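Q: So the chains spell out like this:
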Amino acid sequence: MFNIRCPWCGDRPEIEFSYGGDASRSRPDAPETLSDDAWHDYVFIRDNPAGPHAEYWQHTGGCRQWLRALRNTTTHEILATAAPGEPLPLSGERK
Amino acid sequence: MPEMPQRCSALFDAYQTGTFGAVPEDGPGIQLAERRGLAIIHLAGPGGDENFRTAVKGCLGCEAPVIPNTTATADGRCLLWLAPTRWLLVSARDAPGDLERDLSAALASHSGAVTDVSSGRTVIRVTGRDARQLLAKGCPLDFHGSRFKPENCAQSILGAINVLLHATGDGTAIDLYCARGFALSMWEWLTDAAGEFGYSIDVAIQG
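Chains as they are written, first to last, in the working numbering: chain A, 3 to 97; chain B, 270 to 476.
Hints in this document: simulated from the structure, not taken from any laboratory. For clarity, every value in this text was computed on a predicted model and none was experimentally measured. For glycine and all other residues, C-beta sits at the position ideal for the given N, C-alpha and C. Fair warning: there could be bad hints in the mix.
Unchecked claim - Where chain B lies over chain A, by a calculated footprint (3+ residues, C-beta under 8 Å):
id: 1; segment: 23-37
id: 2; segment: 45-52
Claimed, not checked - Residues from chain B that keep clear of chain A, each with C-beta distances beyond 12 Å, as calculated:
id: 3; residue: N320
id: 4; residue: S388
id: 5; residue: C408
id: 6; residue: D411
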């Protein structure tokens, strides 16, 4: 069990949240111009880092807002959280 | 128009007043009572828009709180913060249909949604000296008086059921809101968990 800091509700336990996937990928601006390989890469290919990982979470058991979290996948430590549109510190986000 | 069926509590068959559990010498540590007949309206709208909030206050006499997990009460009506653009309006003095109609009319020129959920929620009031200890058995929130204060609200999980908690008045009574379909399950959890403190089930509160 770990706590996640909801940008609205403050520190809340993990069981109130649902995992929403990898937040390190951004949807391509013009998918219709993408090659099949590039689309396949965007849809399916994920890093599996041991260490900090940018993730989407939703506070499903609370205010139901989406947020991004930077989680250390080896220690489960939540290093930072941010509301949509806010910068996620230390995340090394990539396109 | 045919007569509408009467609202019936989801706890109707299970609700039995009396004193139960391991009651200590100084009386039961928990009192449970269902609140019935409330008007409960779900309100969605742009909380950051001053005009929207002015229109809400003009209709209800009650501010839509912008600070997360706080509530505002005025004149028997209460608005509980659910999310940055969502509130739950609870009134003990309005008929649900009237309140929904009046609020819809007041917000007609604004974006937003007004939805009557009165029949879809069950409200259980938990009071007594062990009330917070009881809830802490099944809910991960911090129930210390310095963290869950009077007129705070919070959405969380109680015994695996999504619940909205409201510390009413001076914070000694905590109202639990859950979806009607989960009400009996929550009631069974509460009455099971309250056994060690001794508990009474009081006559349901009208409003």
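Q: Does the claim that C408 of chain B lies outside the interface with chain A hold up, using a Cβ gap greater than 12 Å?
A: violated (10 Å)
Q: Should the label of S388 of chain B as a non-interface residue stand, given a Cβ cut-off of 12 Å to chain A?
A: holds (22 Å)
Q: If you count the residues of the segment 45-52 of chain A with a beta-carbon closer than 8 Å to a beta-carbon of chain B, do you get 3 or more?
A: violated (count 0)
Q: Verify the coverage statement for the segment 23-37 of chain A against chain B, using a C-beta to C-beta distance below 8 Å and requiring 3 or more qualifying residues.
A: violated (count 0)
Q: If I take the minimum Cβ distance from D411 of chain B to any residue of chain A, is it greater than 12 Å?
A: violated (9 Å)
Q: Confirm or reject: N320 of chain B is not an interface residue toward chain A, with every Cβ-Cβ distance exceeding 12 Å.
A: holds (23 Å)
Checked against the numbered hints given earlier, the structure breaks hints 1, 2, 5, 6 and satisfies all the rest.
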